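Student: Work out the full structure, taking the sequences as your base and the hints as a guide.
Each protein sequence line maps, in turn, to chains A and B.
Take any residue in the first sequence, note its place counting from 1, add 97, and you have its number in the working numbering.
Take any residue in the second sequence, note its place counting from 1, add 97, and you have its number in the working numbering.
Source of the hints: derived by calculation from the structure; they are not laboratory data.
Remember, it's a predicted structure, so these values are computed and weren't measured experimentally.
Among the hints, a few may not be true.
Copies of the same chain are indistinguishable here, so a pair counts whether it falls within one copy or spans any two.
Claimed, not checked - 20 Å max Cα-Cα, derived SDA-like pairs, lysine to any residue: (1) K184 - A238; (2) K184 - G149; (3) K184 - T315; (4) K336 - R356; (5) K100 - L181; (6) K184 - V120; (7) K101 - E295; (8) K355 - I321.
Protein chains: 2
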Amino acid sequence: MIKKVNIADRRYQLDGNAGSDAVHRDPIYSYAVTQLIDDSGHTGTGLAFTLGAGNELVCQAAQHYANQLIGKDIEETMAGFGSLFQKLSNDQQFRWLGPHKGVVHLALASVTNACYDLWAKKRGVPLWKLLTDLSPEQIVATLDLSYLEDELTAADAIQLLANQQQTAAERMGILSAGYPGYDTSVGWFNYSDEMVRENCIKAVDAGFTALKLKVGSTDFERDIRRANLVREVAGNNVKVMLDANQQWNLPQALYICKRLQDMNPYWIEEPTHPDDVLAHQTLARAIAPVKLALGEHVPNKVIFKNYLQAGAAAFIQVDAVRVGGVSEFITISLLCKKFGIPVLPHVGDMGQLHQHLVLFNHIAMGHEALFLEHIPHLKKYFVNPAMVVNGAYQTPQEPGSSSDLI
Amino acid sequence: MIKKVNIADRRYQLDGNAGSDAVHRDPIYSYAVTQLIDDSGHTGTGLAFTLGAGNELVCQAAQHYANQLIGKDIEETMAGFGSLFQKLSNDQQFRWLGPHKGVVHLALASVTNACYDLWAKKRGVPLWKLLTDLSPEQIVATLDLSYLEDELTAADAIQLLANQQQTAAERMGILSAGYPGYDTSVGWFNYSDEMVRENCIKAVDAGFTALKLKVGSTDFERDIRRANLVREVAGNNVKVMLDANQQWNLPQALYICKRLQDMNPYWIEEPTHPDDVLAHQTLARAIAPVKLALGEHVPNKVIFKNYLQAGAAAFIQVDAVRVGGVSEFITISLLCKKFGIPVLPHVGDMGQLHQHLVLFNHIAMGHEALFLEHIPHLKKYFVNPAMVVNGAYQTPQEPGSSSDLI
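Tutor: Written out as C-alpha cells, the structure is:
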C-alpha cells in the first residue's frame with residue numbers, strides 16, 4: 098500500500114553551452130520528481146522534465162495528483178491503470194488548466210511514471226521485462242484510449258499486440274546486442290564550429306552511427322555551413338539529424354529545408370510551432386523526400402493522432418516525461434504502429450526511462466529498433482546511469498525504470 | 098510608471114447547479130487577478146479564468162510575468178506591445194511549460210489584460226473606445242503575428258483594418274443599440290427539465306433571442322428530450338445552441354449530431370476534444386448544414402489557424418481570458434475575419450472584458466455583431482457589472498475594461 102508521497106524539485110546547471118538550441122538558449126535541466134513510498138519498503142520514482150523556471154509549478158500539480166494515490170495497492174492500481182489515468186487527467190477543476198497539456202499534464206507524467214517504477218521494483222524486475230511479460234489485454238488495461246476511437250479501439254490495440262506475440266522471441270536479440278543510440282550532444286546551438294567538428298570526430302570514434310546538429314540560426318548561412326561541416330567530418334555512412342527547435346515559420350521552413358536537402362539529412366526536426374499540424378503537413382509534402390521528425394513538445398495522444406492522420410511526420414519523438422507518462426507513451430506508440438511510423442523518443446529523462454520503453458516497443462509491439470537519443474549531461478546524478486557502449490544502450494538489469502536520482 | 102504588482106487568487110462558489118456541464122460538473126468560478134499599480138495612481142486589472150483547483154498555479158505564473166513590467170511606462174509598453182508579448186510568451190525556460198498553452202498561457206492572459214486595462218484607465222476611456230480610435234498600424238503594433246506568416250502578415254493585418262475604416266462610422270450605431278447577448282444559463286447540465294423550461298420562458302420574456310442548452314449526457318435520449326423541450330418552449334424564432342463541452346468521441350458525435358439536427362440547432366458546440374482539429378473537420382463535413390462552434394479551450398492563435406484552415410468551425414469562440422489576453426484575441430479575430438468566420442467569444446470573464454472587444458471587432462474589423470454570451474452568476478462581484486437590457490449588452494462608459502472586482 099502506498100503510504101506516503103514526496104515531491105522534489107531538482108535542478109541541474111549544465112556546463113558551458115550544453116543543452117542550448119535555437120529557442121532555448123539557457124536551459125537548466127530540471128525534474129519534478131514524484132516519489133511514492135510503499136509500506137513494503139519500496140519507493141517508486143517518476144520524472145517530468147522542464148528547463149528550470151516553473152519547475153515548482155509542476156511539482157505542486159504533481160502533489161495534487163499524487164495525494165490521490167495514498168492508500169492504494171500498486172498491483173491493483175496498475176491492473177486498471179487506464180481508468181485511473183482517465184480519471185486523474187479529467188479531474189473536474191484541474192482539467193480546465195489543460196486539458197491534457199502544459200503544467201498539469203507534465204505533473205501527471207511525473208506521477209504516472211512513479212507508479213510504473215514502483216510496480217516494477219515491487220516485482221523485482223526492470224520495467225522493460227515487466228512490460229514485455231504482460232499479455233496484450235493487461236497492457237491495454239493500463240491505457241486510456243478515449244478520444245482515439247476513430248483510429249484505435251481497445252479491441253484494435255489488443256489485436257495489434259497479439260499479432261506481434263509470435264515473432265516477439267525473434268526480437269529478443271536486442272537485449273544482448275543493445276539498442277542503438279544517437280548522439281545529440283555533438284552540435285548544441287551555442288557550440289563553436291571547431292567544437293562541433295571535434296565532437297563529431299569523438300562521437301564517430303565512440304561508435305555512434307547517427308549524430309544531431311542544432312540549426313535554426315537567424316543567419317541561414319550559419320546553418321548551411323555547420324550542416325555541411327558535420328556531413329564532411331562524419332562522412333556519408335553516418336546519419337545526420339538537423340533540429341530547428343521550432344525556430345522557423347512556415348515560409349522560412351519551406352526555404353531553408355530545401356537548401357538543407359543537399360547535405361542529405363536523415364530528418365529535419367521541429368521545423369516550426371509544435372501545435373501547427375497543417376504547417377507540418379504542407380512542409381512535409383513540399384520537401385519530400387526529406388523527412389520531418391517531431392513530438393518533443395506535443396503534449397498528448399490527440400495531437401499525435403492528428404499528426405499521424407495528416408501524414409506530417411516520418412518519425413515520432415514522443416517523450417514519456419512530457420506526455421502523461423509511460424501509459425500515454427505506449428498509447429501513442431500503438432497509434433504510430435498502426436500508421437507504420439517509427440517512434441524515436443525525445444529523452445527529457447536522458448534515456449533512463451526510455452531505454453526500457455523502446456525495448457518494449459521493439460519486442461512487444463514490433464517497432465523497428467532504430468535509434469534512441471543519447472544525452473550524457475546528467476549521468477552523474479542518476480543512481481543507475483544508462484550505459485552506452487560502442488554507440489548502443491546496454492540493457493538495464495536493475496529493478497524499476499532507472500529513474501532514481503542520487 | 099508601473100511601480101508595483103499584486104496578484105490575487107479569487108474564487109466564487111456558485112449557487113445550486115449553476116455552471117455545470119457534461120465534463121465540468123462542480124466548477125468554482127475563479128480568477129487569477131493581476132493588478133498593475135502605476136505611480137499616476139491608476140490600477141490596471143487583468144483576469145484569467147479557471148474552475149478552482151490550480152488557480153494558485155496561474156497566480157504564481159502571473160507573478161513571474163508581471164514582475165517583468167515593474168518600472169515600465171504603460172504608453173511606451175503598449176506602443177510596441179506585440180514585441181513584449183512575443184518576448185514574454187517565449188521566455189527561455191517558462192516556454193517549456195507550454196509553449197503557449199496551459200497554466201503559463203493563462204497567466205500571460207491575466208498580465209496582458211491588466212496592461213490593456215491600465216492603458217485605458219490612464220487615458221480615461223473605456224477600452225472599446227481606446228481600441229476603436231487606434232490606427233491600423235497602432236493596432237498591429239500591439240500584436241504578435243509570429244507563426245501566422247503563411248496566412249496573415251503584419252502588412253495583411255494593416256490592410257484588412259484599413260479596408261474597414263471607411264465604413265466604421267456606419268457600424269457605430271451598435272453603441273446605442275447595444276450588442277446582442279445570448280443566455281447560457283437557461284440549461285446548465287445538472288438543471289432539471291422543469292428548471293430548464295422555466296428558465297427558457299424567463300429568458301425569452303427578458304428579450305433574449307438566443308439560448309444555450311448543455312448536452313453531452315451519457316444517455317443520448319436525455320439530450321434529445323431536453324433539446325426538443327427548449328425548442329418547444331422557445332419557439333422557432335429563437336436560436337438554440339447546444340453545447341457538449343467535449344464529451345463525445347468522434348463516432349459518438351457523428352451519431353448524436355445527426356439526431357440533434359431535427360430540432361434545428363443554431364450550432365453544436367465543443368462536440369469533442371479541443372485539440373482534435375481533424376475530428377472536427379470530419380464531423381463538420383458529415384453533419385452539414387448543422388454548424389460547429391468551438392474555441393473555449395483552444396489556447397492559442399496557431400491552433401485557431403489550423404481550425405480555420407481545416408474549415409472545421411463555423412463560429413469561433415476565442416476567450417480573451419484563455420488565450421494570451423486582448424492582444425492574442427485581436428490577432429485571432431483578424432485571422433477569423435480573413436477566413437470569413439464570425440467571432441462569438443466564450444466569456445470566462447462573464448462578458449465584462451469581452452463587451453469591449455466585440456464592439457471593437459464589429460466597428461474596426463467589420464465582424465458581424467451576432468451575439469455575446471451572457472452569464473450573470475458573478476454580477477455582484479464586479480465593480481461595474483455588465484448591463485444587459487432586453488437581451489442586449491449596454492455599452493460600458495467607465496474607463497478601462499470593466500474587469501475590476503469588488
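Student: Indicate, hint by hint, whether the structure satisfies it.
Tutor: Tested hints:
1. Proximity of K184 to A238 under the C-alpha cut-off of 20 Å is restricted to the intra-copy arrangement: shortest distance 14 Å within a copy versus 43 Å between copies.
2. Only between protomers do K184 and G149 lie at most 20 Å apart by alpha-carbon distance; the minimum there is 17 Å, versus 29 Å within a single protomer.
3. For the homomeric pair K184 and T315, the shortest alpha-carbon distance between copies (16 Å) is at most 20 Å, but the shortest distance inside one copy (44 Å) is not.
4. Taking the closest pair of Cα atoms, K336 and R356 come within 20 Å of each other only inside a single copy of the chain (18 Å); across copies the shortest separation is 54 Å, beyond that limit.
5. In this assembly of identical chains, K100 and L181 lie within 20 Å of each other by CA distance solely inside one copy; the values are 18 Å within and 47 Å between copies.
6. With identical chains, the CA atoms of K184 and V120 are at most 20 Å apart between copies only, with a shortest distance of 11 Å across copies and 35 Å within one.
7. Proximity of K101 to E295 under the C-alpha cut-off of 20 Å is found in neither arrangement, the shortest distances being 48 Å within a copy and 50 Å between copies.
8. In this assembly of identical chains, K355 and I321 lie within 20 Å of each other by CA distance solely inside one copy; the values are 11 Å within and 53 Å between copies.
Going through the hint list in order, the structure does not satisfy hint 7, though it satisfies all others.
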